[in-house]
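Modelling step: build the complete structure from the supplied sequences, incorporating the hints.
These protein sequence lines map, in sequence, to chains W and V.
According to our numbering, the first sequence holds residues 1 to 195 in order.
According to our numbering, the second sequence holds residues 196 to 393 in order.
If you are wondering where the hints come from, they were derived from the structure by calculation, not from laboratory data.
Since this is a predicted model, take the numbers as computed values, not measurements.
All the pointers check out, no bait thrown in.
Computed Cβ-Cβ distance ranges for the label pairs, DEER-style:
| id | chain 1 | residue 1 | chain 2 | residue 2 | range |
| --- | --- | --- | --- | --- | --- |
| 1 | W | Ala112 | V | Ala256 | 50 to 58 Å |
| 2 | W | Trp161 | V | Arg372 | 18 to 26 Å |
| 3 | V | Gly312 | W | Arg11 | 19 to 27 Å |
| 4 | W | Asn114 | V | Asn320 | 41 to 49 Å |
All residues carry an ideal CB built from backbone N, CA and C; glycine is no exception.
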Amino acid sequence: MTALVVFTHPRPDQFATALLEATVEGLSAAGHVVDVIDLYRDNFEAAMAPTEWRAYATPAATDTVGIESYSRMLAGADVLAFVFPMWWSGPPSMVKGFFDRALVPGVAFRLADNGRVSPGLRHVRRVVVVTAAEPPGNFPQRSTRQLAHALGRSLRRATGWRTRTLVCWAGPGEASNEEGRRRFVSRTRDRLAGL
Amino acid sequence: MTRRVLVVHAHPDPTSFSRALFDHVGQVCREVGNEVRVHDLYGAGFSAAMSANEWSLRGAAPSTKPHLVPYFEDVAWCDTLVFVYPTWWSGQPAILKAWIDRVLANGVAWKVDESTGHVMPRLRNVTRIIVVATHGRSRGANLWCGRVGRTVIVRSIRRLCSWRCRAHWLALHAVDRSTRFERDRFMQRVERVLRRIS
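Here it is in structure tokens:
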């Protein structure tokens with residue numbers, strides 16, 4: 001059983017690091033071998049290049065330099081976890097770039113000649129989203145939370161219908177004080193250990 | 196009324212339909228006498244990730260990020276924001292999300308009120324938002340996925356604009372299967388909206 005954790009933070013502070021550790025510990029406790037991708041440490045380029053765009057619907061889509069190792073890790077994952085801060089009610093551009101560039105046809109799904117899409121990551125049983133709202137936050141929180149779920153929904157195109165999504169989400173009330181953050185970190189660890 | 200229009204565009208391919216829409220938007224806006232500024236993110240080589248340095252300056256004044264100041268000025272100048280982009284994975288392309296993350300920063304798009312801790316809008320100058328989005332998937336599929344792209348713009352960004360700001364959502368679904376006729380019709384629809392608001 002393998003879990004792949006995609007971590008994003010431009011400068012991991014104590015809270016971000018603690019969340020990553022809790023995710024890794026939780027998933028290990030559940031019996032997974034955990035791989036971690038740190039997009040900022042890898043200097044991942046988030047913007048899809050014009051050449052990649054032109055190659056998108058062709059077999060050359062998987063040839064992108066710098067993506068091979070991600071494709072390999074994705075191919076063996078049973079659990080796919082994303083750990084990121086919530087910016088503008090969604091994942092940061094880095095995570096979006098991972099979707100755009102790493103989850104390409106041939107890796108995440110297959111494009112048939114008639115335009116039909118079939119999932120390529122059926123082995124992923126669970127999608128996990130661990131995220132905390134960036135305070136300040138009197139933003140519409142309900143839609144923010146829905147968007148964390150939306151990530152799992154759009155991923156079903158790659159994982160198939162039976163994959164379920166687990167969202168560990170800290171609202172601004174919780175993420176803005178020490179006590180709330182500690183509680184959220186330990187709750188995340190416990191929930192993931194139960195997977 | 197002459198409008199001040201800022202067009203933000205993100206598509207890697209200069210021969211794409213999204214690019215054609217972007218060119219058409221600029222052309223129509225100039226024709227009707229609007230002032231137009233454009234942020235062609237791929238053309239400008241915009242960085243698609245917030246750097247660690249920018250992150251640590253997130254509470255500081257906008258002038259501490261001199262490389263972004265021209266973008267900040269355009270955002271403060273415009274009264275109409277137009278986004279032209281393809282929808283990927285039910286949201287904006289990464290480079291456009293980066294524009295939202297980096298340019299709509301503290302002190303530019305919002306400011307925290309010290310006493311209440313609430314977010315105070317700073318985009319009061321924006322009275323219209325127009326989104327011209329192409330989707331690979333059908334309308335139903337996009338709806339089921341939660342319309343991520345729409346929520347970010349129509350809920351989160353509009354909230355920081357003028358209280359009477361209207362958002363026009365112009366979407367062409369299933370663009371990969373679309374016919375020439377449908378694309379032309381969509382382009383005319385975009386043009387109609389642009390002419391109507393001017």
